[in-house]
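Visitor: First to last, the sequence lines map onto chains A and B.
Just so it is clear: in the first sequence, position 44 is 44 by my numbering, and no numbers are missing.
In my numbering, each number is its position in the second sequence, counted from 1, plus 680.
Since the hints were derived computationally from the structure, they do not count as laboratory data.
This structure is a prediction, so every number in the text was calculated from the model and none was measured.
Note that beta-carbon positions come from the ideal geometry of N, C-alpha and C, so glycine has one too.
It is possible that some hints are incorrect.
Not the full set, but computed from the structure, chain B residues with beta-carbon under 10 Å of chain A [said to hold, decoys possible]: (1) Asn742; (2) Val743; (3) Lys793; (4) His824; (5) Gly827; (6) Gly848; (7) Gly870; (8) Met879; (9) Thr895.
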Amino acid sequence: MAHFSKRNRRRERETQQALNNRLELVKEGFTRRDLIKMGLMTSAGVLIPKVGLTHAQTTASFSRGCYSGCDVGCSPQPAQVFVDPMPIPPELPARSVLTDPGLNFGARPQICPNNAPNPNNGNLPFEGRGQFNGLVVPGSDCFQFFNQYPTQKYFVQRIRANPNFRITSDPNIPAQLIWGFNLGASDPSDVGTFPGPTIRTNYQEPWLIRRFNELPTQSQNGGFGVPEMSTHLHNFHTAPESDGGPCRWFFRGQYFDYYFTAQQAGFSIPVNQGGFAPNGDPRESLSTMWYHDHRIDHTAENTYKGLEGFHLIFNGSDTGNETTGFRLPSYPAFDIPIILNDKLIDPSTGKICFDTFRFKGLIGDVQLANGIVQPFFNVNKRRYRFRVLNGGPSRFYQLFLTDPLSPSTVIPFWVIANDGNLLPTPIQVTSFRLGVAERYDIIIDFNQVKSLIGSHTAVRLENRLRQDDGQGPTCEIFPAGQGTSCVEFRIGAAVADGSVDPATHPVFYQLPTVVTPRITRNFIFDRSNGQWVINDRFANCNELRFTVTQNSAENWVLINPRSDWQHPIHIHLEEHQILSRVNNSGRYPSRDSSFSRRGDCPFGGGGGGISTTRPGVPNVEVSRKDVTQLQFDENATLFFRFRDFQGDWPMHCHNTVHEDHAMMLLFQVQPGVIDNNQNP
Amino acid sequence: MARITRRKWLAAAGVTTAAVGASGLAGTTSLFAQEATPASKHNYKFENISPRELIHRRHLPNVELITQDNRKVHFYTDLVKDRRVVIQFMFARCKDICPVITHHLVEVQRLLKGRVGRDIFFYSITLSPEEDTPRDLKAFAKKHGVGPGWMFLTGKPDDILLLRRSLGFFYDNPKEDADRNNHSGMVVVGTEPLMRWAMCEGGANPEWIATVIRTEMDAPFQGAVDGIRQADPAVHVKAPVNMKGAGQAVHVHK
């Protein structure tokens, strides 16, 4: 494996070692009793209940039993949880465009796609950029602003299979076949990993990533997954040619150059026209992003297969160094990304399974954090920044901190960012609600936690939201300690802490000004004959549903007319602000089919309160966002500006199963076009 | 790190306890009350089944069906195995969604320019095996202008139910599932030997459906790195002998 930093190499080694150690222990015939005697299995070694996730739905979906073999309540479970350390993905190394073989394959990165045929790949173009629906569109998808913002940093990633991926050290659960992003080396030992390597970039340092599709053939997919790739950077301010949208996928043997200007939104609009040329509006800075596959119709299975990773971006305020700027806990020592996924394991084979014949949404009964079943993570007694991402496919989480030995202890912490957008100031909460693809950056002060839990030494990040199927969560919050713990934090010694104390109300970015929109558009997210529609229509790559005037502002009203389904709605290109969350109450007639009315139980703010100025919006959502959960019978009004780039982007449900079937539309942004369709 | 023996670990236990930061919690019983299954019970016995075989077992049952021409066929071995297929459900008296979807698929069939019946097979399966006779299905196909290479199928109600559930054309909620007029408008698009299954929406624009079907069927054969054509042996059509679609003749390729 090439080119990752010393730190990461060490961490990787440690993680691997810990896994190996457990395997050795089991091989050597240690019994549980031995381990308890040794003190190795304490709160950390609480055995997992028989059917997996605590209080997860323990029976398979309605009258199916484990008929399909791949269903909730059917997964084989590791014997113990909180026995494996949570790995931290390695960082993707930058590469030299002059010498790196990957960046010189075919041609070096260039402004327009390298459509020259590759005789070694069936004469497909070397580069997949410039294809739409898999077909070359000559002259399309040249990089916008490529020459104005010259690339300063280059990366390579090769999308590869890894047949030896372990989600637990329990030898009873076999190694898994995953697809993942590698560290960019061509050496076969540099396999795909899950989560993918963390990509770290800085604002004002334009970067380019060349991704190779080196997946095996379709018939080697292990039962699910299609080897056609489109990698979305969720949710950088990105032109369509580099956005990794649903229709711009590329084939095996091709590469695809993704270029990013690294400027905040508003960078192309002159200051005297209210813009922020040449570097954009600093208030539009993002921090926590992620990259994932977005192949239309197959996003759920492909991301489920492992094609997800973090992308963190820093700037002069959010520096990654706790002695400068906003003084947030230093990256990487005290700034930790955590991706949550729930999986199903096939009881016949022990392999992660995905039922491609189901379309209501998919929840699992094996809970992963950073790719490992319910791991532990050693922390010091000080403040940490955790970047918590819901990697899907369908589950909603409501996350609390729980002392397993004293579940009734209420443990507050701070939310500092929503969907990677720092809030104006930290908000103290006791929980937060996380829909698929949403990110919450939180600060946990383990010094304070320790003072609350006394002699106890561990707390868990516990999901207490009950969800029984892919439709959406129930209204039920499990009692503390009876939900599903995703990670156990084990609190060690105190160490120096130079980070800002959120209790002192530090100020981050103010929200960009909300102005009167040029137009308000309505979008009804509904169900139709078991499939998913927006304004009664299905996803279609060949149809741009409406046009937004470039550099204008719009309000979009997202409407969920159902009281038995929820949808996390994601809009590409720009961050939005939620102006209101209102129960439909007559304005939009409920289409509840009375089959399973679940009632009206919006997320109440997690102890952080509801805004006094934005109706129904929790204070932790008075922020910029790129995913808005549509709760039961609810409409949410979003404010947008559409700046800088031209072209087409999608809006879609990020319950990836709903997304694939086919709750998505494409809109376009063009200068000077006036489209007044209010219900497009 | 050197290989760990049981003895080494026991010797190191004290240190390790502190190292994992778990001291002080050992022996707590309140938590262990939650524990359920000892590790020894987790000696799962897994089978070595190929993913393709698993999909066949769970989703593609080999039930006996009857074509619109009153011919007996088996779903897996005769209709799906080694083929590219497009599958949806309908019933002859359906007034609402079926005519729309059928109309769309007729258009899709035209857009696929003769491939249906040659290397892509269309199957429409009735949701009402109790009332839809082969003759009803044939009349339905004729009424909608269905072309060759597209079969309409009925069978024993239990078999149809199994097929419907296996292919995902059902709702978990029994009341909802019983409402035939609200049946799933999905169209399954699959290439069986490649374990590639997608669904598109029968209500979608026919040109888009045709695009999806084409890309689903053809994308795996793009490029030739490491000899994909050898690795993914032909999803060539095997047109069963004496088998006809709803139209006239089956176009047998090769």
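Visitor: Kindly indicate which numbered hints from before are broken by the structure, ordering the numbers from low to high.
Guide: Going through the list in order, the structure violates hints 1, 2, 3, 4 and 5 and respects the others.
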